[in-house]
Amino acid sequence: MPPLRRLLEVPLLLLGAATVVFFLIHLIPGDPAAAMLGEGAAPADVAGLRKDLGLDRPLLGQYVSWLSGAVRGDLGSSILTKRKVTREILAAVPATAELAFAAFLGALLVAVPTGVASALARGKPLDGFLRAVSLLGVSTPNYVSGPLLVLVFSIGLGLLPVSGRDGRGALLLPAATLAFALAALLSRMVRACLAEEMDRPYVAAAIARGERPLRAILRHAGRNALPPVLVVAGLQFGSLLTGAVVTETIFSWPGVGRLLVQSIQRRDYPLVQGCVLFIAVTFILVNASVDALAAALDPRARARVQGDA
Amino acid sequence: MRLSVKLAAAVLGLAILAALLAPLLPSAPATRIDLTRRLVPPVSAPPLGTDELGRDLFSRLLRGATVSLGVAGAAVLASAAVGSTLGLLAGERGGAWDAALGRLVDLVLAFPGLLLAVALAAVLGPSAKNTVIALAAVGWVPYARLARTEARRLSTRDFVAAARAAGASRARLLAVHVLPNVASPLLVQATLHLAAAVLAESALSFLGLGVPPPAPSWGAMLAGGRTHVLDAPHVVLAPAAAILVVVLGTNVLGDALVDRLDPARRPA
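Each protein sequence line maps, in turn, to chains A and B. Residues are numbered in the working numbering as their position in the first sequence, beginning at 1, plus a constant of 184. Residues are numbered in the working numbering as their position in the second sequence, beginning at 1, plus a constant of 302.
Source of the hints: derived by calculation from the structure; they are not laboratory data. Even glycine gets a Cβ: it sits at the ideal position worked out from N, Cα and C. Be aware that one or more of the hints could be misleading.
Ranges between beta-carbon positions, derived for each pair [said to hold, decoys possible]:
id : chain 1 : residue 1 : chain 2 : residue 2 : range
1  : B       : Leu327    : A       : Gly224    : 32 to 40 Å
2  : B       : Asp336    : A       : Leu310    : 48 to 56 Å
3  : A       : Gly312    : B       : Arg459    : 48 to 56 Å
4  : B       : Arg562    : A       : Leu320    : 18 to 26 Å
5  : B       : Ala312    : A       : Arg271    : 52 to 60 Å
6  : B       : Ile318    : A       : Ser436    : 34 to 42 Å
7  : A       : Ser473    : B       : Asp460    : 42 to 50 Å
8  : A       : Gly312    : B       : Ala312    : 54 to 62 Å
9  : B       : Asp561    : A       : Pro397    : 25 to 33 Å
10 : A       : Gly224    : B       : Asp561    : 53 to 61 Å
11 : B       : Val410    : A       : Ala225    : 33 to 41 Å
12 : B       : Phe360    : A       : Ser436    : 39 to 47 Å
13 : A       : Arg271    : B       : Arg562    : 48 to 56 Å
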C-alpha cells in the first residue's frame, strides 16, 4: 500500500481504537459499576458510581462524550486515586520510555553485527550457532528470561537490584530481558534480508566491476536489506514504547504496562481504558512514522510512490 | 528428516500425550495443599519436589499441560475457523465484504502484541473460556489474510468458475474447491500459532488473567514460584522448562513444515 494512503488511514484507526476501548467497559458481565466496587458495595454507592461514569445515560450519548473527551485528552478519573487518568498515565510514561530506548539500543547493538555475521557465514558453523542462539531467544518468553536473569545476577552474583527503578543499575535487568528476545528476532530478520539480497545479480556485478566482495555486499545489498528490517524494528519499538506489560510487572518497573496490570487488578476500569487507549494510540502513531521513514529510505518504494502520483 | 526435527516431534508428542492423559490420573496431588511439605527439592519423594504450598510439582506440571496446551489448542482452532471463514468469504465475494474485512484486520493490528487479549481477558474475567476468546480475538487475523489472498487469486480460475457455473452453492464452492488449495499455508500458520498461543496463554496466566486457580497452568505456576527463586529455584525452573521445550519444539517443527510445503523456501 502506498505510504500516503497509510497516513490518511491514521485518523480512521485512531477512531476505531477509541471505539473498541469504549466498548470494553460494556463487555464486563453484569453491571460495570457493581463490578468495580466489588461484592458487598452499598446499592447507593453503585448507583452513585454509575452516574459518575455516565453509565445511566443512553449508549450513544456515552460514546459521543467519551470521544470528545478523548480528543481533549480527558479520559475521566481513576476510581481509586480520583486523579485524572491522563495524569496517572503521563506520570508512568518516562519509565516506559527509558526502558524502551535502553532495550531497543541494546538489541540493535547485538542484532546487527550477529545478523550480518550470520548471513556472511551462511551454512558455516558460526551461522548454525548464531541461528540456534536466536531460536532460543525468540522461544524464551520474558516471564522466563526475566526471573532467570534475576536468579543469576541479583541473587546469585548480588550485582543488580531485583526490582524497582531506584537502585543503581536497576535499568539493566529489565532492559536485558526485553533486549534478549528482540535481539534474537532482529538478528534473524537481518540475516534473512541480507542473505536474500546478497544473491542478487547487482551484487555479483559490483564484485565483477572490482569492488571488494565484503564492501559490495554491505554497501549494495545492505542498503536494500535495510527497509524491511527497519519496518520490523519499528513495529517492535512501538510495542516496547507502549509498555512491555509482562517485563514491567516482573521487575516492578513503574511504567504504563505495570500501571495497566495494577489497574486491572484493582478493577479501576477508567484507568484500564485510559492505558489501553494510550498504548494503542502511541503504537499507531509510531507505526505510521516508521512506515513513512522506511518508504523515504527505500529507493524502490520511493520510485513506486512517484509512479503512483 | 533432520535429528532436530525428529527430536522436536518426539518432545511435542510427549507433551500432547501428557496433556491428554493427565485428566485420567487422580487430580488430588496437583491441588492438595500440604504446608508441612513446602518447597521440597526435587529427586525426593515427588520426582520434581513440591511448590510453595506443598503441592506435588510433577502432578501440577502434567495437569498444567492439559490446561496450557488445551487453552492454546482451542485458541488455535477457534482462530483458524473464524479467520479462514472470514478470509474465504471476503476473498470470494470481494467488494464491500473485502473492504470491511481489511478495516477490521487493520483495527486489530492497531493494538500491539497482547494488549487486546489482556484488555479482553481483564473485562471478561478470568476463565478458560474467556482466555480462549481473548486469544482468538487477536489470533484470527493471519488466517484471514492467508485465506483471503488465496480465495481472491483462485476465484478467477477456471475450475472455480466451472464449479460456479455447475450451480455449486457458495459454501460448497469455498469448502470443496477453494479451501483444499489454502490448506497447507493455513496448516503452517496453525503450527507456528500454537507456539505463540502457548506463550500468550502463559503470559495471561502469569499476569493473573488466565485460567484461575487452583487449576495449574504453566504461566500461573511460574508466577506463583517467582517469590521463591532464591530458596527453591526448581519451582520456577520446572514450568519454565516445560514452556521452553514445547515452544522450541513447535517452532522447529513449524520451520520444517514451511521448508517442506513451500518450494520457494526449500533448502537448496
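message: Against the range 48 to 56 Å, how does the distance between the Cβ atoms of Gly312 of chain A and Arg459 of chain B compare: consistent or not?
response: violated, 41 Å
query: Can the suggested window of 48 to 56 Å be confirmed for the beta-carbon pair Asp336 of chain B and Leu310 of chain A?
result: holds, 51 Å
query: Is it true that Leu327 of chain B and Gly224 of chain A lie within 32 to 40 Å of each other by Cβ?
result: holds, 39 Å
- prompt: Is 54 to 62 Å a correct range for the gap between the Cβ atoms of Gly312 of chain A and Ala312 of chain B?
  reply: violated, 21 Å
task: Could you see if the CB distance from Ile318 of chain B to Ser436 of chain A stays within 34 to 42 Å?
output: About 36 Å separates the Cβ atoms of Ile318 of chain B and Ser436 of chain A, which means 34 to 42 Å holds.
- request: Take the C-beta atom of Ala312 of chain B and the C-beta atom of Arg271 of chain A, compute their distance, and say whether it sits inside 52 to 60 Å.
  value: Since the Cβ atoms of Ala312 of chain B and Arg271 of chain A sit about 55 Å apart, the hinted range of 52 to 60 Å holds.
message: Within 33 to 41 Å: is that where the Cβ-Cβ distance between Val410 of chain B and Ala225 of chain A falls?
response: holds, 35 Å
message: Does the beta carbon distance between Phe360 of chain B and Ser436 of chain A stay inside 39 to 47 Å, or does it fall outside?
response: violated, 31 Å
Distance restraint evaluation - Asp561 of chain B, Pro397 of chain A, Cβ atoms, bounds 25 to 33 Å: holds, 28 Å
query: Are Ser473 of chain A and Asp460 of chain B spaced within 42 to 50 Å by their CB atoms?
result: Holds, since Ser473 of chain A and Asp460 of chain B (Cβ atoms, about 45 Å apart) stay within the stated range.
task: Using the Cβ atoms, figure out if Arg271 of chain A sits within 48 to 56 Å of Arg562 of chain B.
output: Given range 48 to 56 Å: holds, Cβ gap about 55 Å.
- prompt: If you check the beta carbons of Arg562 of chain B and Leu320 of chain A, does the distance land in 18 to 26 Å?
  reply: With Cβ atoms ~23 Å apart, the hint holds.
Violated hints, in rising order: 3, 8 and 12; the structure is consistent with all others.
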